[in-house]
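Trainee: Be aware that the sequence shown starts at 2, since it is given in my numbering, and climbs by one per residue.
Hints in this document: simulated from the structure, not taken from any laboratory. Yeah, the Cβ is synthetic: ideal placement off N, Cα and C, and Gly gets one too. Be a bit skeptical, because a hint or two may be false.
[What the hints assert, rightly or not] In silico lysine-lysine, PhoX-like type, Cα no more than 20 Å apart, as pairs:
| no. | residue 1 | residue 2 |
| --- | --- | --- |
| 1 | Lys751 | Lys610 |
| 2 | Lys960 | Lys922 |
| 3 | Lys438 | Lys417 |
| 4 | Lys570 | Lys610 |
| 5 | Lys767 | Lys755 |
| 6 | Lys800 | Lys767 |
| 7 | Lys417 | Lys603 |
| 8 | Lys718 | Lys762 |
| 9 | Lys545 | Lys569 |
| 10 | Lys751 | Lys762 |
| 11 | Lys842 | Lys767 |
| 12 | Lys452 | Lys325 |
| 13 | Lys767 | Lys718 |
| 14 | Lys755 | Lys720 |
| 15 | Lys603 | Lys657 |
| 16 | Lys762 | Lys818 |
| 17 | Lys842 | Lys818 |
| 18 | Lys269 | Lys325 |
| 19 | Lys800 | Lys821 |
| 20 | Lys42 | Lys85 |
| 21 | Lys718 | Lys751 |
| 22 | Lys842 | Lys755 |
| 23 | Lys720 | Lys657 |
| 24 | Lys720 | Lys690 |
| 25 | Lys842 | Lys960 |
| 26 | Lys811 | Lys767 |
| 27 | Lys64 | Lys20 |
| 28 | Lys610 | Lys417 |
| 29 | Lys603 | Lys628 |
| 30 | Lys595 | Lys509 |
| 31 | Lys509 | Lys452 |
| 32 | Lys718 | Lys610 |
[Unchecked claim] Label-pair distances were calculated between CB atoms; the ranges are:
| no. | residue 1 | residue 2 | range |
| --- | --- | --- | --- |
| 33 | Cys816 | Asp660 | 21 to 27 Å |
| 34 | Asp660 | Glu748 | 43 to 49 Å |
| 35 | Lys20 | Ser99 | 17 to 23 Å |
| 36 | Arg259 | Ser279 | 49 to 55 Å |
| 37 | Glu267 | Ser99 | 48 to 54 Å |
| 38 | Glu618 | Gln364 | 40 to 46 Å |
| 39 | Glu135 | Gly101 | 51 to 57 Å |
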Amino acid sequence: MVQVYNCHPFGSQRIVQTKQAPEVFCCGRDSVFVTCAGGCKVEVFTVCQELCQPLCSFNTLGKVLQMHYSEVGDYLVTIEEKNKVSSLRTYVNWRCQSLGSSRVSVRMVGLQLDTLSPASSKDQMEIIEMPLSEDPLRLSSCPVRGDLLVGCKNKLLIFSMKYIPVHGTPVLDFDRSLVLQVSGIVPAEVYFCANHVSIISDLEVLVFRLTPEQQEVLPDISTAIPDLGKLQEKGKKDVLPLKSSHSLECEDYVVFDRPVELIGEECKSCSIVITPESTGLSTDPLTTFHVSYLLYRRFTPDFTDGFSVEYTRLHSLQLMPMYKTGSHVIADAISTKKDLLSLFCFFSMPHAGYLYSLLNNIQLISVYQYPERSQQAVLTPQLLHVITRNNLQCFTVRCSAVTVREEDPYIDTTMKTCPPVSMDVCTLRMQLFIGLKGIQHFNNYIVILTKADLEDVPEKGKNSKRLSRKSGSTKTKVSSETEHGWNLYIVSTTPPIQLYREMVEYSKRYDTVKTQGSIHLLSEAHLLLRSALMNPDMINSADKEELEAAFRESCAHLGDCFSRLDTKKSHLALPYYKMSCLSVSDVIDRVLSKDFPQEYGKGFMFYLKHSLCEELEEQLSEEAALKVLQIFKATEPQQLPNVISSPCMVNVCPAKAMDFLETLESVACSAIISLTKATMALRMHDLQKYEAEMQCHPEILLLYGFLEEPRLLMIRKNKEIIPTEMAFYLRDALPGLLIAALVAFHENSKMNLKEAELFFKVLCEKSDDNDVPQMLVDFWEARLSSYPPDSILQDILFKLTSHYVCRICKPQHECIKSLKSAEDLRNSCSHFGVISPWVSKMVSSGPSSCDQCGDLIKLQSLLCGPSLEIASFLPFLDFIPQENISHLSIHLICATRLLNYESSIERLLDRCPEAVTLYAKQEIKIGSQALWWNKLLPELCTRIRENENTNDIFISALKDTLEMISMELDLQDFLNVLPDDGIAAFFLPYLVNQSEKKLMV
2 MVQVYNCHPF
12 GSQRIVQTKQ
22 APEVFCCGRD
32 SVFVTCAGGC
42 KVEVFTVCQE
52 LCQPLCSFNT
62 LGKVLQMHYS
72 EVGDYLVTIE
82 EKNKVSSLRT
92 YVNWRCQSLG
102 SSRVSVRMVG
112 LQLDTLSPAS
122 SKDQMEIIEM
132 PLSEDPLRLS
142 SCPVRGDLLV
152 GCKNKLLIFS
162 MKYIPVHGTP
172 VLDFDRSLVL
182 QVSGIVPAEV
192 YFCANHVSII
202 SDLEVLVFRL
212 TPEQQEVLPD
222 ISTAIPDLGK
232 LQEKGKKDVL
242 PLKSSHSLEC
252 EDYVVFDRPV
262 ELIGEECKSC
272 SIVITPESTG
282 LSTDPLTTFH
292 VSYLLYRRFT
302 PDFTDGFSVE
312 YTRLHSLQLM
322 PMYKTGSHVI
332 ADAISTKKDL
342 LSLFCFFSMP
352 HAGYLYSLLN
362 NIQLISVYQY
372 PERSQQAVLT
382 PQLLHVITRN
392 NLQCFTVRCS
402 AVTVREEDPY
412 IDTTMKTCPP
422 VSMDVCTLRM
432 QLFIGLKGIQ
442 HFNNYIVILT
452 KADLEDVPEK
462 GKNSKRLSRK
472 SGSTKTKVSS
482 ETEHGWNLYI
492 VSTTPPIQLY
502 REMVEYSKRY
512 DTVKTQGSIH
522 LLSEAHLLLR
532 SALMNPDMIN
542 SADKEELEAA
552 FRESCAHLGD
562 CFSRLDTKKS
572 HLALPYYKMS
582 CLSVSDVIDR
592 VLSKDFPQEY
602 GKGFMFYLKH
612 SLCEELEEQL
622 SEEAALKVLQ
632 IFKATEPQQL
642 PNVISSPCMV
652 NVCPAKAMDF
662 LETLESVACS
672 AIISLTKATM
682 ALRMHDLQKY
692 EAEMQCHPEI
702 LLLYGFLEEP
712 RLLMIRKNKE
722 IIPTEMAFYL
732 RDALPGLLIA
742 ALVAFHENSK
752 MNLKEAELFF
762 KVLCEKSDDN
772 DVPQMLVDFW
782 EARLSSYPPD
792 SILQDILFKL
802 TSHYVCRICK
812 PQHECIKSLK
822 SAEDLRNSCS
832 HFGVISPWVS
842 KMVSSGPSSC
852 DQCGDLIKLQ
862 SLLCGPSLEI
872 ASFLPFLDFI
882 PQENISHLSI
892 HLICATRLLN
902 YESSIERLLD
912 RCPEAVTLYA
922 KQEIKIGSQA
932 LWWNKLLPEL
942 CTRIRENENT
952 NDIFISALKD
962 TLEMISMELD
972 LQDFLNVLPD
982 DGIAAFFLPY
992 LVNQSEKKLM
1002 V
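Work the whole structure out from these sequences, hints included.
Mentor: Put into structure tokens, the structure is as follows:
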């Protein structure tokens, strides 16, 4: 469905002052080139601002049949006829003719460059002859690189543009780089852009891409001729080559092939074969080209206006590139830089035009239905211009919508969006001209040719029943002398800003009648500005700031429209308002100033809720905050606690907020309402009211309330975590509830460990990174007790052990009582293990540790637990001194976990012998019990012997050792391990006693 409007995309028009009727014309950059009927002369007119003046003229070597201008390289290429022979020529440095110079040189392409003098290369025009084996039929130059494509009957030739330094001056030349043999189609039009080639015949379209390959291989004919066997092997359906679109004549009937559309690999089944052939002139002989088919489409004739082939053919083939936002063009005839982002293909039947996207995803973007038969069309990034017999029509396009999505795959989010590609196209204007014949476009101008006295098109039904292509393709020629009433117009297109404002004004008539109609036209205006901003020439333009301001304004208009909707698209109000850069206060004022104050649209409420939930820096005034409360009271009162907790609402009047909450609480009481009221009470310094609200619910429900609205405790600002007034109060009054709330935040991915660390440092006013607040340690311990996932378990263990080691290594540390004791942690968390008796013995025998914080015991408990990886803790041992018995226990726990029993026994005998037996009983198990009699027994005997005074500790340890050995070893083995130094009598009573016990067993 085509929307019809009546805007004014065309501005002033000027007549090109040619003396005779124009026959061939082209345009580009700032010039219009015209040749008159039968003449061998090109007139050049310059177009600047409101002036159209003759620039220069120059003679050609033959009658110009076609010509094409390339902005890249600033050259004019022509197909000329002389003595019934067609030739291809390029005119370079033609602007010097405007300076009065008549010097002209003629040379063959690639030859005679060394004969040019430095002076003559600057002030003379060059005609470059390009010899061809076949007559040239069609021309096209690449708008990105300036390369030239020439279409002949059976081949396509590509000439690469290049600059060759001659006497220090760059001279433009061409290199015939590639020949493409073509069969199955005779090109009626060709187009070339960025290695993409498109061809049309009367009823067929083919688009393919040329990909250079750096390898010496034979041309892959599989790209042109399908291998049906391979297709079947891949599991595809049998695809037979499609017949040519040439009609089959049979008696009194003409039979045409069915219409078809093929995309990508499917195109191989068409009847057109493209075979690349290297010319051998390329600078890199190893470069070959691979042909990739992109699009093939075949039509049946359109007989809407009668049975004449002349009026049923495809026309207006075009490839249009679009560039990345911010890409630029160096304003220089030699070097050009454009960052290509998307490419579009347009072609037209008499009553319908087709626009395809080619680069990343080949798809049909838009179909344009014309109200009458078209003669020619030209596509621009902003609009499509079509001429019929007596009308110049203007349609909107979707190229910018496609390009912006190619540039930013995440365009459709809550932060940004763009009108959809599938949106219906619309007609902006149908302007009357008499006898329209041709149209071209450059910059902000359209050039149209009119000839008012052309013979009328034969009426329907008066054609012969038999249709012949030959007879149908014959044109009635009228001599230029008999023609009159012709004109060549240069029509300026309306600047994007001006047309945008007109479209916005036009959309207002739909405001109260049909919102969707207003959205459609505003979306068209939005896309118009997007395409203008993508123009590479706009980067250094003085109009860019005005365009950007208009773009933001268009986003605001679209936000207004979607804010009133209650459909599935109403959420688009949010990204459009975001792109408008309006503040929340501005948006509220815009909505409240409309004529719909009683109802707030779903889109507006979506925007408002989402904006208040974000961590915005904007702070609403007290008046604006009150408006927000009134809006939510009228629409969604249950959201009031969340709204009041927003950082944007920091200036809200606490007393008025309390009134709104009490009204809500009378309907439905909940913990979050009480917590929000408690927050307002703190702002009013009403501690009695605060206490009353906090006692309305048990702590578990308060915890759920904090989890529902974390902003009651913390606010994010510029990647910072700021505790609220409620958090500071809970720090002193209910630290356990605060810790539990933070643990719940972390468990539910509302906060990570780094953010928790920042939170507690700010809360406890600790600016030193090395000074860990006790509440943060309590948080780590509580999080460990809640059994975190393995992905963060070791991280938390590392943080805790680091802190414990740091504290026990500082005897003079400030001791703060922790939320949970070591015993509490052991009873509530399996990550904390039971401390071995020998460890407890060591600690009790040494200096007393800090019982208030219990960091040493907690560290020992973690090391005795199952979760802490001992390898990750070993580096900490370098920081723990061994002079203290308590510190030594840490070293021995680690050595024991590494199965270093022998060295541990030696150190215990040296430093804490009273714990050695407990150590042996606890740690020396099956497989290592030989240490009892091979290591411990001899060591004890030696130490007792060396000690002059009787050592009760060693003797007691020896008795325990002998008791264990006697139970484990036979009598003979037991005797063998006893010392043989003559003191066996010492062991005799003990030996007899133990032997009797064993016999009784």
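Trainee: Could you check the hint for me, namely that Glu618 and Gln364 are 40 to 46 Å apart, CB to CB?
Mentor: Since Glu618 and Gln364 have Cβ atoms about 41 Å apart, the given range 40 to 46 Å holds.
Trainee: Could you say whether the range 48 to 54 Å given as a hint is met by the Cβ separation of Glu267 and Ser99?
Mentor: holds, 51 Å
Trainee: Is the straight-line distance between the alpha-carbon of Lys570 and that of Lys610 20 Å or less?
Mentor: Given pair Lys570, Lys610 holds - Cα atoms ~16 Å apart, limit 20 Å.
Trainee: Is Lys800 close enough to Lys821, meaning Cα to Cα at most 20 Å?
Mentor: holds, 17 Å
Trainee: Does the structure keep Lys720 and Lys657 at a Cα separation of 20 Å or less?
Mentor: violated, 31 Å
Trainee: Does Lys718 lie within 20 Å of Lys767 when you go C-alpha to C-alpha?
Mentor: holds, 19 Å
Trainee: Straight-line Cα separation of Lys718 and Lys610 no greater than 20 Å?
Mentor: holds, 18 Å
Trainee: Does the alpha-carbon distance linking Lys720 and Lys690 stay inside the 20 Å limit?
Mentor: violated, 33 Å
Trainee: With the threshold set at 20 Å, check whether the alpha-carbon distance from Lys417 to Lys603 stays at or below it.
Mentor: holds, 19 Å
Trainee: Verify the proposed pairing of Lys960 with Lys922, using a straight-line Cα cut of 20 Å.
Mentor: Status holds; Cα separation ~13 Å.
Trainee: Given a hint of 51 to 57 Å, does the C-beta separation of Glu135 and Gly101 actually sit inside it?
Mentor: violated, 39 Å
Trainee: For Lys762 and Lys818, compute the direct alpha-carbon distance and say whether it is at most 20 Å.
Mentor: holds, 18 Å
Of the numbered hints stated above, those contradicted by the structure are hints 3, 9, 11, 12, 15, 17, 18, 22, 23, 24, 31, 33, 34, 36, 39, listed in ascending order.
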